[in-house]
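Given only the sequences and the hints, what does the whole structure look like? Please build it.
Protein chains: 2
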Amino acid sequence: MKALHVGLVGMGTVGAGVAKILLEKNSPLLEKLDCIPVLKGIADSNPEAKNKINIPSNVLFTADARELVNHPDIQIIVELIGGLHPAKEIITLALENGKDVVTANKMLLALHGSELFQKARQHGKSISFEASVGGGIPVIAALRDGFIANRIESICGIVNGTTNYILTKMTKEQVTYSDALAEAQKLGYAEKDPTMDVEGIDASHKLAILARIGFGVDFDYNSIYHEGISTVDLSDIWYARELGYTLKLLAIAKKGENTIELRVHPTLLPHEHPLSSVHGVFNAVCITGSAVGDAMLYGRGAGQMPTASAVVADLVDVALGRAGITFAAMKTFSGCSERFPIANALQFKTCYYLRFSVVDKPGVLAKITGILGKYEISIASVIQHKAREAGNVPLVMMTHLAEEGNLQKALVEIQQLDVIKDHTKFLRVEE
Amino acid sequence: MKALHVGLVGMGTVGAGVAKILLEKNSPLLEKLDCIPVLKGIADSNPEAKNKINIPSNVLFTADARELVNHPDIQIIVELIGGLHPAKEIITLALENGKDVVTANKMLLALHGSELFQKARQHGKSISFEASVGGGIPVIAALRDGFIANRIESICGIVNGTTNYILTKMTKEQVTYSDALAEAQKLGYAEKDPTMDVEGIDASHKLAILARIGFGVDFDYNSIYHEGISTVDLSDIWYARELGYTLKLLAIAKKGENTIELRVHPTLLPHEHPLSSVHGVFNAVCITGSAVGDAMLYGRGAGQMPTASAVVADLVDVALGRAGITFAAMKTFSGCSERFPIANALQFKTCYYLRFSVVDKPGVLAKITGILGKYEISIASVIQHKAREAGNVPLVMMTHLAEEGNLQKALVEIQQLDVIKDHTKFLRVEE
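So the protein lines, in turn, are chains G and X. Take any residue in the first sequence, count from 1 to its spot, add 25: that is its number in my numbering. Take any residue in the second sequence, count from 1 to its spot, add 25: that is its number in my numbering.
To be clear, the hints were calculated from the coordinates, so they are not data collected in a lab. One or more hints might be untrue.
When chains are identical, the list treats them as one kind, so a pair holds in a single copy or across two.
To be verified - Here are the simulated lysine-lysine pairs, DSS-like style, with alpha carbons at most 27 Å apart: (1) 356 to 450; (2) 374 to 280; (3) 356 to 45; (4) 45 to 280; (5) 50 to 280; (6) 197 to 450; (7) 356 to 50; (8) 211 to 77; (9) 113 to 217; (10) 144 to 113; (11) 386 to 434; (12) 113 to 75.
Keep in mind that this is a model prediction, so the values were computed, not measured.
Here it is as structure tokens:
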């Protein structure tokens, strides 16, 4: 094994973690391998980034990423700047220059993965991206290699630590969404502008990557349905708990007969579901395969060293030559993977949690269930509590499996009943 | 990628599962890869094995494994007969004949791993063994590749489905050990002679493999401490629950300053520990690494298709050439890995659960805690219940972290007190 030289583009939190591991004198890599990837250069547009760690004099530091991407002695480019541009241009140039790429950039891969994978194939190079989903959890490798003998049936995960922290806090401490968000921001778990996390966009980027690897298909990222947690009401967490369910933001990919359901939304899970006990900033992904059955991988989904752990694992994979073999052998990276139809929201089939706000008088339940029945939606359980305000009571129901198109039609009709006093809330359920 | 031919030795439950996947017309492998490992021959000493699946005429069936091992057109031997002999001889001959080996044989690797790994290196071949631990869970790959940037601090797992089924049944249905074992045998989860499983021997074989990969060291298998579940008393499960703990058979490897603790024993875990919710025949392994922090892999630890899933993943790894690269690059397979001192039981440091049977009179608690204090063992919590029989009461204590050598000395001294009426039970605790 020859020593491969690494150029690190982006010296943010994760970049500094990667540099730390690569520069460590008694690195775990040296303990385990005869030879390790060697850090040759670091690029960051912020000159202050240089001071994050002690950079030895034989490691180049530059503000210009192109200096590394064009460097003849660098064989691997690690892209850790995130976002679409200039990350895409840097990766493209690196591949064109005959360098392998390691990246944690989920947004870029979700939106332009196919194009970049084709570019890599065209130049006989590889793109590795374990760190793009689930931080230090080796979920890409498991889906791609460990479960290769399986037809993947579903992938279902908590892949965003920020929202899981917020929901955990709301559930355990009964604080409102805004208070939990404020706390997450204070602790550095949420950004100042939390949109990407709380609206489920980050999770949908990760879902796009997982679904491509798991199902070996290509699709338009924009066909992923996503809904965040910013409208989650504390009372729904309480009622759900009473019914034996925990609320989580899940990224779900399920292969049906002719379509794939790809959806990110707040989801009720039975308390005994393994994902129900994934708390705080932890991530976990459940995978169901035709041979392996149900499996789960769990760990820290973000943070400097967990994410750096995944980046460095990819670097070793490239340095040893395994990444190149994998990339060349797998159809999903070859550009010949099929485009697969994605189900639209009206085609989803799940159980539903419904919370109606109704007037407290006889016959209300009959009217509502009558309409639901008309649309073939049957009820699994009902909770009705005493009125908090005069005349208005919450009526909570759990349905059996139903089609979302039918549910939507029923809800429109129910909304027109004079006994309905407010907007009806619904949440999807996974069993 | 050239098509590599596979010789399958041992057509038991798992062997038939592997053959099924390899022979499937619309195999998931074909969906994902350009080229797949091809089943060339099957060997089983039992001619009836032939009828387990529909073997095509171009696949050789023989009673004599040597026919496959010496076959010039076979490049990979899958050994699935288990046990030490003739598995060891078959694998050795396969390596000498220039064939790569895939095996699920945990006992053989635990006892003779070093010798076989050296033999493989000597012939430039590889041994892959994902299926030897945790069935379909890709835990070997995670420890070896996914967490390569980590110094592994501890590995802690439920790696035996039989005992986890029995303990789950005892805990949830409050049946005795013998009744739970009988049920497990009826369902095919336990063998007629269940010794290997219930005495923790199978788990210690798996622990030997995990510890070698995780810590990159070699050691004498016999230095692993193991204790089974056959003496677990239902009352200890109850008291533990009262204290907030669940009883599980754990395989634990922990790196200390100068030694490694390697131990398999019934263990109390806090209810909120992720391993506490691993029920029935499921397996799970928690890994703590220097960069990744806490991670867990969970899934079916046994059974035909989950185990076959892991075997076939190894076959793909060999066929693509990745297994050979890994095997050549990693020090732990090179024969140059250090022998590392293993802690003996007296050096273990954990918290302990103690159940004394005492006479119900004043001053008993003072006497016992006095002796414990003398040996620097302090008490975290105590439960004392009313006597079931006249004069004899169980006194349950949970200690803080203590050295097992000290505990043993204290227990010998306590046993001599006239207030102690029976053998004292102790269980180790992980937090």
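ask   = What label fits residue 356 with residue 50 when the C-alpha limit is 27 Å: within, between, both, or neither?
value = Between. Shortest inter-copy distance 18 Å satisfies the 27 Å Cα cut-off; intra-copy 39 Å does not.
inquiry  = Cα distance capped at 27 Å. Does residue 50 pair with residue 280 within a copy, between copies, both, or neither?
reply    = between (47 Å within a copy, 20 Å between copies)
ask   = Between copies, within a copy, both or neither: which fits residue 197 and residue 450 at Cα up to 27 Å?
value = within (22 Å within a copy, 36 Å between copies)
Intra- versus inter-subunit Cα pairing at 27 Å for residue 113 with residue 75 = within (23 Å within a copy, 55 Å between copies)
inquiry  = Cα distance capped at 27 Å. Does residue 45 pair with residue 280 within a copy, between copies, both, or neither?
reply    = Cα proximity of residue 45 and residue 280: across copies only (22 Å, versus 41 Å in one copy).
inquiry  = I want to check one pair: residue 386 and residue 434. Are their C-alpha atoms no more than 27 Å apart within a copy, between two copies, both, or neither?
reply    = Intra 24 Å, inter 72 Å, cutoff 27 Å: intra-copy only.
query = Within a copy, between copies, both or neither: where do residue 356 and residue 450 come within 27 Å Cα-Cα?
reply = Neither, since 42 Å and 58 Å both go past 27 Å.
key: Status of residue 45 relative to residue 356 across identical chains (alpha carbons, at most 27 Å)   = Intra 35 Å, inter 22 Å, cutoff 27 Å: inter-copy only.
query = How do residue 374 and residue 280 come out at 27 Å by Cα distance, when the copy is not named: within, between, both, or neither?
reply = within (12 Å within a copy, 48 Å between copies)
request  = Go through the copies and call it for residue 144 and residue 113: within, between, both or neither, with a Cα cutoff of 27 Å.
outcome  = Classified as within: same-chain Cα gap 11 Å, cross-chain 47 Å, threshold 27 Å.
ask   = Are the CA atoms of residue 211 and residue 77 at most 27 Å apart within a copy, between copies, both, or neither?
value = within (22 Å within a copy, 61 Å between copies)
ask   = Is it within, between, both, or neither for residue 113 and residue 217, if the alpha carbons may be no more than 27 Å apart?
value = within (25 Å within a copy, 60 Å between copies)
Of the numbered hints listed earlier, the single one contradicted by the structure is hint 1.
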